[in-house]
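J.: Chain by chain, the residues:
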Amino acid sequence: MLKTERDEIFEKTGQRREDFSVCMGCKICASVCTLNDIGKNVNPQDLLLSIFLGHIPNDHSIVTYCTSCYRCVESCPWRIKIPEIVRAIRERSKGDLFTRTFKSSIAIFGRAYEPYIFFRILPFLLKKGYLRYLPRWIRYMNFSFPPFLLRR
Amino acid sequence: MRIAVLGGGISGISSAKVALRFGHEVIIIEKEGKIGGLMARIANCRVGFQTFFEEIRNSPKLKVLTGKRVLSCERRNGLFLLDLDDGERVEVDRVVLATGLISCEPDTKGRRILSSLEYDSLIDQRNEALPNDLKKIAFILCHGSRSRDYPLCSSVCCSYTLRQIKWTLLRTHPEITVFYNDLRLFGQEFFLLKALKDSNVRFLRTNSKSMEEDEEGVKVRYFSGGKLFEEKFNYLVTVNALRPNPELGHLSRIFGFSLNEHGFVKEASPLQTDVDGVFACGGSLEPMNIKDSILTGFAAGYLASGGKGITGGKMVFRKDPPGFDLPDSGESFAFYLGVDDTYSSMFYEYFSLVFVELALKLVERKKQVYVVTRNSVFPSYEELIYEKARREGVVFIHLEEDERVSFDKGSLRIEGGKKIEIKVDHLILMEDFCRYFREFEVLGFSRSEPQLRWSPTKWDRNRYHVGFLRYPRSRRWETREYYAACAEALLDSEARKVPEVLEESCSGCGFCKNACLANAIETKRRDRTLSLFGLHPTTFDPIAKIDPNLCIGCGLCASICPSHAIKFDFTRTSTDRQSAQENR
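Chains as they are written, first to last, in my numbering: chain A, 487 to 638; chain B, 95 to 678.
No lab work stands behind these hints: they were computed from the structure. Mixed in with the good hints, there may be bad ones.
[Unchecked claim] With a Cα cut of at most 30 Å, we get these calculated DSSO-like pairs of lysine-lysine:
#	chain 1	residue 1	chain 2	residue 2
1	B	K360	B	K321
2	A	K526	B	K155
3	A	K614	A	K498
4	A	K526	B	K313
5	B	K503	A	K580
6	B	K513	A	K498
7	A	K526	B	K461
8	B	K288	B	K230
9	A	K567	B	K288
10	B	K455	B	K512
11	B	K155	A	K567
12	B	K661	B	K639
13	B	K661	A	K567
14	A	K526	A	K498
15	B	K326	B	K313
16	A	K567	B	K313
17	B	K512	A	K526
18	A	K567	B	K512
19	B	K517	A	K567
20	A	K526	B	K360
21	B	K288	A	K526
22	B	K230	B	K326
23	A	K567	B	K461
24	B	K482	A	K498
25	B	K155	B	K402
26	B	K321	A	K567
27	A	K580	B	K482
28	A	K498	B	K460
29	B	K461	B	K402
30	B	K513	A	K567
31	B	K512	A	K580
32	B	K512	A	K498
33	A	K498	B	K313
34	A	K498	B	K128
35	A	K580	A	K613
36	B	K128	B	K360
[As the list claims (entries may be wrong)] So, partial list: chain B residues that the calculated Cβ filter (under 7 Å) puts toward chain A:
#	residue
37	K303
38	K313
39	Y316
40	F317
Glycine is no exception: its CB is placed at the ideal position from the N, C-alpha and C atoms.
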């Protein structure tokens, strides 16, 4: 079970497991990481280690904040593609309601289609009382027909 | 026979020494204007090189060509006809490659970021004053080596950096920080490491590539103990990778021998290239330290001169290491590569290799293997095995300085910067194996003596040690050590001189006994019968006796004797004596 989970991530990166396990723990990636510029104190190598120890770090701060700047890849002696791992973990994880809605909007419409998003997250908005901001949102929202109807 | 040695560095000179001892003619061809190579660029080794070269300098059979390069080579009747770049043609029977290593210049270079050789010339004893702002310096190891472009470990940088710190501390007391991945030290150097740690040199198991240089210094960002730090140093020394000399590629084209993918000579058999009559030693084989360069230099010189090894008699004394059996049961295994006591640290090199080979075997059997390392020593080509193990899926956990590891009830817990707990079925500790070597004599100390001793395999006057007994390391070295020991025995065979005690003059004062460095002198009683008016009493006045096996031939006793009762020939070597006679 554990193994398949790990292999799934490596499969999603489009690389082999060897390309990641070659890491020798020098922490060069941490010294150049952009997240450390904003004081997150992260070590991208931790991500690899915890995956190899059998724990998928879904809520690690790198997974949340990584900007895929590829600075770590540039300076890594072995050119280990950490952003690819981060992308794979993000893709696998279910994510919160907004992320899921955004993803399905992309899947259906090919873009972020606001009316769809709005109706998907409507229960959330109702529950938390966000609807009072509705008039202001409408000004920014683009209530056009769905793109696939226009194409026809 | 004539032998051409390409390269006048330390390994070239050592092979020339052996070939001259055989009585062959030797031509040393050096590309640079001066012989000495990389070793002579190190300020503290320059004198050592000169004294080593001094012993063969005046030999009539030696010819040194500096500033020359071999342009082409032709083979005729088993001879090599070498064309040099000034039109000179040299005919030789054998060729020894001693092209050596070069240090790669860093890509980030400035006035404050130095390579280690530049730093060496900064702290050179011949410079009268050190720079005023030598207050806070940092060393960054493994710069350019152990990477995808160049996967080998340079094997000497860690030791060299340690010595540089020692030389710095002899002159001034700056704050020193060393960023390292693994400290690849050998033998006695672990004691030096401990001494440096005790004198407040900071060792951090982390590395960095984030350096910003300005007028006053270099700002380095590094990640240690779960936190990011930013620190400013006055000087930053990047310890660069040692790569094979690019000249080796040119030579491989004209001689026709093949190189491996890293640019070093591919050995067909130990120290021989795949072209008949072309031998290789020193830095053309792999990155190695000065002592090993001398060792391979001796061995290649011995083979090139037609040495066959010692036949008859047992030469190789080996005590085999304990057998390493693996339990069949269990799914997960953990190796702990780390010891606290300094003596056992000498076996890091051996056990790193043993543990990784075991781990690879287990991974083949589809087991889960963890290797927790406090330090690991994989010099030069061993690094490839380490890399293979990482690729195959052995999980390496590297402990930082302040992280602790504890084992209880089948689980392994790491505390400190990172918190990890793993369930394992079997634990294999390096300490348990080191216990076996507790009472075991190895030449480990002398593998890396700080004083230059020109005898890499010598134990004492009668014994030369090779293989596991000399220093536990990779099997590749056994044959090299064997031929080096043969060559060394040959070099010593005539140079061996024992002082002679003149019985009539010796008063048995014991001055020589106290002066002797090797405790080779004892005062013994002599029975002498005197005839006094018909009586025959016996006196027991003492006399100095020298044990030829323990004597190191330094001549100190002869110079200290107040009644000139010890005779010692102070001329240097056999070749010197020969040349002196010929000149007369």
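J.: Check the structure against each numbered hint from earlier and tell me which ones fail, lowest number first.
T.: 1, 2, 3, 5, 7, 9, 11, 13, 20, 21, 27, 29, 33, 34 and 38
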